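Peer 1: All chains, full assembly: derive it from the sequences and hints.
Here the protein sequences line up with chains A and B, keeping their order.
Okay, so the first sequence: first residue is 1 according to my numbering, each after it adds one.
Okay, so the second sequence: first residue is 1001 according to my numbering, each after it adds one.
These aren't lab readings, by the way, just hints derived from the structure by calculation.
Because the structure is a prediction, the values reported are computed rather than measured.
You can trust all of the hints, since none of them are fake.
If you anchor each label on the Cβ, the simulated ranges turn out as follows:
#1 E276/A - R1107/B: 19 to 29 Å
#2 S1108/B - R47/A: 43 to 53 Å
#3 A38/A - V1241/B: 35 to 45 Å
Glycine included, C-beta positions come from ideal geometry on N, C-alpha and C.
As a plain string of letters, each chain reads:
Number of protein chains: 2
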Amino acid sequence: MDFHVSLTGAGDLTAQIYAQLREAVLDGRLAGGDRVPATRELAASLRVSRGTVTSAYDRLLAEELLESRRGAGTFVAAGCVPPAGSSGGSGRRRTRPGAVTPTVLWRSPSVPSLVPGEATHDFSVGVPDGTLFPLATWRRIVSGTLRRGRLAPDTYDERGASRLEAEIARYAGVSRSVAASADDVVATAGAQQALDLVARVLLEPGDVVAVEDPGYTAAARLFATHRATVRGVSVDGEGIVVDALPTAARLVYVTPSHQHPTGVAMSRARRIALLEWAVRRDAVVVEDDYDSEFRFADRPLEPLQSLDRDGRVVYVGSFSKSLLPGLRVGYAVAPASLTAALREAKRVTMWDGDAVTQRALADFLAEGHHAAHVKRATKVYRARREELLHGLAGLDDWLEVVPSAAGLHVCTFLRDGRLDDVAIADEALAAGVFVEPLSPRHLEQPPRHGLAFGVGGIREEQVAPALALLGDVLRVSRPRPRAGG
Amino acid sequence: MDFHVSLTGAGDLTAQIYAQLREAVLDGRLAGGDRVPATRELAASLRVSRGTVTSAYDRLLAEELLESRRGAGTFVAAGCVPPAGSSGGSGRRRTRPGAVTPTVLWRSPSVPSLVPGEATHDFSVGVPDGTLFPLATWRRIVSGTLRRGRLAPDTYDERGASRLEAEIARYAGVSRSVAASADDVVATAGAQQALDLVARVLLEPGDVVAVEDPGYTAAARLFATHRATVRGVSVDGEGIVVDALPTAARLVYVTPSHQHPTGVAMSRARRIALLEWAVRRDAVVVEDDYDSEFRFADRPLEPLQSLDRDGRVVYVGSFSKSLLPGLRVGYAVAPASLTAALREAKRVTMWDGDAVTQRALADFLAEGHHAAHVKRATKVYRARREELLHGLAGLDDWLEVVPSAAGLHVCTFLRDGRLDDVAIADEALAAGVFVEPLSPRHLEQPPRHGLAFGVGGIREEQVAPALALLGDVLRVSRPRPRAGG
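Peer 2: Structure, rendered in structure tokens:
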């Protein structure tokens, strides 16, 4: 690697080169066995005589920090092991602590996500099973993309992005009846970025944003960082309570297919009421079609986007659950009055997404692999889900299952209002079972306590033993009846 | 593909299924040869009798919109070609025009980028030569990453991101003497996203941001979309004029290695003056180390980041020029007081980057392929650059070359202040030569006219013929001397 030396003034140049190389070896930036530049090269790049560099190297060789290998060059001595903790990075060098602080919005530490940690039974929510993904097919497609002539010769792959957007329009049109042409689709780095772009182009500071409560807290946090006033609106068995929407809301964020986290599907009547409300209030509805791709029961309901006759729904979708974990691709389908601004916001923020992933996903969709994968994965998830519902029936004294038709998790309410879901989740984790408590997903409504069970991280045969362990926890946690019983 | 049918009420269900499939065929969502769901499957997913679906299919078969293939299933008839213009997407279905408009910030159309179009000689600025990239090596590393057990089993690949951040710390430490451990590095989707995160966590609406003028207009635009008051500060032969900085500036954005677009390197004295100014004014300096990886002359100067003793420099780097075009990876190295907020802003915006690219790049850096590629590419670019400087010497009557030591383009000023660089660039393009005019890169300073020549998109042997064509344009464009000559 080219090694940076800063020479200042006309002082002892050899000493400067010596000191900077020595420091890099001692602080671990250069590790034992690393090749250092040839004296001729370094002298040329520093515009000094070769003798100046050679003298510095000689001192380092004498100190046995460098070693010379005949015919191969000069290397950091093999014995030079960087101090513990610094491997792979310059562990002892740090930036200065910092004289500058973030704005107030960013000063509060984020709420740490719950992590399954060492749990042997993992009911994590929002996580697909990566092992179901057709990795060999994807690898073949990616390798095919990484060929000369397949990728655009310039930095930004606009043709690749628009091909992906055309495939997404077709996919959302066929599988979800979303009304969209390629021009209406903006491909993004995950649904979260789609929400960020929407917030950016639609919100002025202080605008009121209504979100479901309990709801997807990451979305609420995102809107808040755009300086919106975020208001939590209660959710009943038909979805968000339209009558409870704040009249000033500029934007309403909903997850109608599988409300996050309760799993409720928004009823058709409620969908129509929400759209009518939005027309009356001149508001925008952001429809996050979260968890719609895995469907297990009931007829699918028409998305708000295709019921919308007025052009005030932005539909947001994601491939995060149906692709390989960690491939971040999502999209927004927006009314024509917004797409130019969304594209511009994407360009200003990050130019474009990963060209290779974009092209590979377009092929993956066009060749039918995505549809086939979703079909296969739905079978696996269905079996886990049925096993889960069967097991939860046995815990019916404690847990009331919230009916749902789609998605990778099932939500339950604790029947006994005196129980604390966070405490139960903690105890379950101690027993090796990771479940997600419901109450932390509330924003301002009085929290309902419950437990959510994801089926992405757990195998079918683990479900029953996991629920048995949870049952033991629930039996102990149950408050004693007040009298006589 | 699963086909979405919305059934409403208890009306004629067959008619609803028939109408929705027919529409999808006619609007191009379903194309000739596409398989439609088996009647049994569709009936099950819609919770209707199989006969209901079969009747609908029978009508479509009779109309020859569908065809049945024995043993294979039912397909859209091969003769059904979607109307022109709709291939690859549902061309005739569109979102509604839209009842909602973006905020004022996003209403003005963006300035379209200049594109080389059909130019046979392409001096595009900011574009590397993708053909120099070791594609086979990258493909091998990516394929290796796409193996079971290599990728994190869950959605977000935090371990992959931190391994990349450790490799970046080492790379920036060795090649640029940036003082950083892995904890100080935040990997991003390109330098642009790094700037976006920095703006997000540091700026309040109305804060003053100082940028170089002429400068990198995409950065200025980004800061403006964060509701900052952006002020352009003039640039001389030593970089940004520190004495001209607005006293209220909260953030100063600079490109010290190779000022964008003039190519000037910020002098050491100016660097120190800028840091002292920032301490005095309690401002943050964002150092975009744009174009530092390809170095052709002079000793490298120490980055502001490693001169900073106070912790008020955020260093931003990019792999956009040294990797495959379209792989969007950049990074910020920030004082410890900012890294938590930057990570949180990244999480809130898009969770994480592409896990495969992140892991592959960590390996690519660790195995030394990046350093070897930069070394090889520098040789190629050096030859093109020397050819360019040689050719520009022949145009010395018109063009004054701005001295620069690094980077993929050379900037020139038009000696005759009466000439218009945009007009000349237009004429050059008509002659087949794409060059970038300097004046549109100005924000508020009186524009200087000039032409910038990138060496990423042009082969060495094309340089002389291109400059010959440009010379013809310059000779014609030159205003006549006022008198006697």
